[in-house]
Every structure is written in C-alpha cells, then in structure tokens.
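Residue numbers (this note's numbering), protein chains in the order written: chain Y, 290 to 564; chain V, 290 to 564.
Since the hints were made in silico from the structure, they are not lab data. Some clues are possibly wrong.
[Said to hold, decoys possible] Here are some, though not all, of the chain Y residues that point toward chain V, as calculated from beta-carbon distances under 7 Å: (1) 333; (2) 479; (3) 491; (4) 556.
[To be verified] Far from chain Y by the CB rule (all over 10 Å, computed), these chain V residues: (5) 349; (6) 473; (7) 481.
All C-beta atoms in this analysis are idealised placements derived from N, C-alpha and C, irrespective of residue type, glycine included.
Take a look at the letters that make up each chain.
Protein chains: 2
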Amino acid sequence: MKTVGIIGLGLIGGSLGLALKESGKYRILGYDRNSLHCEEATKLGLVDEVVPFDEIEKVDILFLAIPVDGIVEVLHQLKNPKEDITIIDMGSTKAKIVQSIPKRLRRNFIPAHPMAGTEKSGPSASMKSLYRDRVVVLCDLEESGEKQIQDAKEIFNLLEMKIIYMNSIEHDTHTAWISHLPHAISFSLANSVLAQENRESILNLSAGGFRDMSRLAKSSPKMWRDIFHQNRDNILSSISYFQSELEQFRLLIEEERWDELEKKMKEANRLHEIL
Amino acid sequence: MKTVGIIGLGLIGGSLGLALKESGKYRILGYDRNSLHCEEATKLGLVDEVVPFDEIEKVDILFLAIPVDGIVEVLHQLKNPKEDITIIDMGSTKAKIVQSIPKRLRRNFIPAHPMAGTEKSGPSASMKSLYRDRVVVLCDLEESGEKQIQDAKEIFNLLEMKIIYMNSIEHDTHTAWISHLPHAISFSLANSVLAQENRESILNLSAGGFRDMSRLAKSSPKMWRDIFHQNRDNILSSISYFQSELEQFRLLIEEERWDELEKKMKEANRLHEIL
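Pulled out of the complex, with its shape left as it was, chain Y reads as follows:
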C-alpha cells in the first residue's frame, strides 16, 4: 500500500486526508507545524497518523497543503525524500512556486491548484466531499516525471475531479482575474460595511446581496497574504482595471446617464450565457 503524506492539516489538507482515507487505497500520514492542528486532526480522524516533519518526507506521495510562501520554504527543507517521490502542491499561485523548485526535485514535482475551498479554515473545516466534481489545474507537466504524473492523475481521478492543464504563467494571470481580484474586492467591501454599518442592520438586510459578496472576506488572512505576495503584479493590474470599471459605473450614476448605466448592466448580464 502506497503512503501519502500531507503537510498542512487545515481545510485543504484535512479534506484531502478524509477523502483518501475513505478510498482505502493509501496509508495517510499527516504533519502540521501547529500542534493544535495536529491534535484536532487526530481527534477528527483526518489522517491515519500524525508524524514529525522528518518522517513526513519518507512517503511515496507528498502533498503540500499550506500557504504558498510556506510551500516555497518547505521545498528547501526536504532532506532525504525517496528518489521517485511524487510531490504535489495545492497552492493557489503557480509561477513563483515552479520557479523555486530545487532542480533535483523538479521531476518529482506536480504543480496543482484545486479550485475548491470554502471561506472556513483549519482542520475542523475539512469535508470529505470538498473536491468532488471540482476542477484541478495541473501546470508545467512537461518537466514532471511520468510516474509522478500518473500518481497525480490517479489521486485526482479518485477524488472525482476534472483535470485541466495550463502553464503556470497563464494560470497566474487567469486566477488573478477570476479568483484573486474577487477576494481583494470582498475584503474591501467587508471592511467598508463593517466600518459604516451596525451588526443588526447587517443581519437583517444582508440577504440583499451582501451575504454572497462578503463570504470570501472570511477567508484566511495568512493564506491570502501569501497569494497577494506571489501574484502581486497580476493582481495589481486586475485591481486597477476593476477600479476604472467601477469609476465609470459611479460616473454614470453621478451624471444621471441612466440609459448608459442600463446598457452597462446588460453587458454584465452576458454572464447568464456562461455561468
């Protein structure tokens, strides 16, 4: 039976542990540098066994389910992994991670981004079904080994995920628009409303849109700090573009150009054809 190691036992790593345990195909070891997470993960049965850092690298397949700056660090802390180990990172950015892989580990490495998650974090947020029917993006596989690609496909298929391929530079551009920009906006909207509104009004009136639009603002600050750090340039571009879109929208209201405003909203309605 192959062994799977998971570094990081929060929502992403814990959910992976739960789903893989259920398959009965792997023995699952877990590691988290936060000892409270280790206790929780043990109690919740997210993995078969929690082990110290120097044992987690001895597995057949190693997942890195930690904030993206941590992934870069850990890659340099692995001392003596198996020669044909498969290392899969689950980070939301890809280009900087790919650039930082030590050369000796490049063929062992599969850069992956599962499009799954919730606004919750920590071991207790784990859900067996988090990955089912979701997309996972695999990047830059030309430089990964055949065995490693097979290991990754086997596991993501087992998780019932839809695998798509992208290069890491493209990945980071697309996710800046489609995932990272929405998070920046949600954090700023939440801060605006929390500064200006009282708890009771928020509770009573939030079904009018705020509930959906602020959900992402509950996400982990540490995780998102690293994402904004690693994908800084793309995110800055996407925020600036959005700022000019919103300013146009505001101007149409200020200048009472209602026909043009309605036209702008009709353009946005094209989303109906996609999502």
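Got chain Y sorted already, so can you dock chain V onto it with the hints?
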C-alpha cells in the same frame, strides 16, 4: 374572501402569487403591462386570473411588484380604488416612493421591502418559497391606517417572513451599503472579467470566488437602473467610500506592506461574528 391584486408578475409578484394562492385565503388577480408576462403567468398558474389595469385597482389589497420608478408612476394612475384599499409596494428603495404617494392614498399605503430575490427575473423565475424565513422591512407606518397595517402583517406572517420596522430615510441609507453597493460592485466585476477573460477560463476557474461575486451581476438592468436612480446620493457615497478602501488595499500590495495587509484582512474576518 378578500381579493389581492398584484401589479407586476415577475419574480417578486409571481412568487407572491404562488405563495398566497397556496394559502387558499385570497382570490388573486394579476396585471402586467407586458403581455408575454401575462401569458406566462397564466400558464404557470401564478395568479387566479390575469385582468386589465382598470380592474386590478378594485381589489382589497394591492401589491406593486414592479421597478421602483414604475411604482411612483402607477400610484398616480390609480383612478378609483376602494376607499379602504391596502396598497403595499415591494420596492428596494423607500424614501422617494413615500414622498411620491398622493396624499389621498397615504393612509392606504404600506411601504415594504422584502429582503428576498434571486438574480433571475420574469414570471418563470417565481418560487413559492421565495419569502419564507426572510426579512421584510416596513417603513413609516405612523402614517398608514390601522386596517392597512393589519392587512400587511397578516400577509407577511402568512408568508412566514420576519417583519422589522425602519423609517424610509434610514432604510435607504442602510440598503445603499448592504445591498446597493454590492450590486454596483458585482456589475463592475462582471464587466471587468468578461472584458479580460475567455469563457473557458471563467467556467473552469470560477469556483475560486468569481461565481459568488458575480451572481448579482445577472440581476435585471431595468430594476437596478431605477434603484440607482432613486437612491443615487446614498449609493454615490457608499461607492466612494468603498473606492478608497480598495485603493488602500491595492497600495498595501503595491508597496509590499504585507503585515498591514494581513491586519486588514483580519479586520474583515470579524464578519465571522455576524454572518
């Protein structure tokens, strides 16, 4: 058996018709100036009967479930309603509507805003359970008649809604922040991403946040044009405030002030305590 009239047979009016029909307590008449909506509403059984405009005002309780500028118009088109008719508007803004009620109808009028809806519109979007467990805000009831207040409470209780009270000026301030600003942002985000991204990437990557953040951008442009019109000043203030929040957020990324960025996101996380 009391008769209820519903002007506007889209999502809001149609869902009301469905829920009230089920109660078996009222005879429900409907009117819509769009003849296609009338046909659909008849086919879907949203009301007991679709009638012409001059008949819809002869009911005991009349709902106005149309865009807010339309509500102001219709209030002046009623010719000869029953003396003790109850008129309830379902609009998302309240101050301008209250100001525009003809004096002779003021005691008949109940300004209401149900915090319910979806991004869909039209008769076919109607759902029997749209209002259940949702909040409805009633405004400025000091100037409404006792009988009218009783009629409104009876119906909103029947719909299993939670009734809260606010004055119309306060209502429009709170909803500018908690509902109207999120819509302006969602429309602008959708327009940004539609301009910059392709259909396939949106489909594949939207689980990372965009799906939730763009849902409101599918809302009816006509409905929202009127809301931005009627609540213009409050909305302009809330957009400007949000713009400065987002600009601060962007600057922290640009200037790589990661600790402060993380602190900002932690502040936003306070939402966990409310929603």
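The hints, checked one at a time:
1. Interface hint status for residue 333 of chain Y: violated, as the beta-carbon distance to the closest one in chain V is roughly 20 Å, over 7 Å.
2. Here the hint on residue 479 of chain Y is kept, as its CB sits about 4 Å from the closest CB of chain V, short of 7 Å.
3. Given the 7 Å rule on beta carbons, the hint for residue 491 of chain Y holds: about 5 Å separates it from the nearest Cβ of chain V.
4. Checking residue 556 of chain Y against chain V by beta carbon gives a least distance of about 6 Å; that is within 7 Å, so the hint holds.
5. With a minimum CB-CB distance of about 29 Å to chain Y, residue 349 of chain V clears the 10 Å threshold, and the non-interface call stands.
6. With a minimum CB-CB distance of about 6 Å to chain Y, residue 473 of chain V fails to clear the 10 Å threshold, and the non-interface call is violated.
7. Residue placement check: residue 481 of chain V does not keep its beta carbon more than 10 Å from all beta carbons of chain Y (closest about 5 Å).
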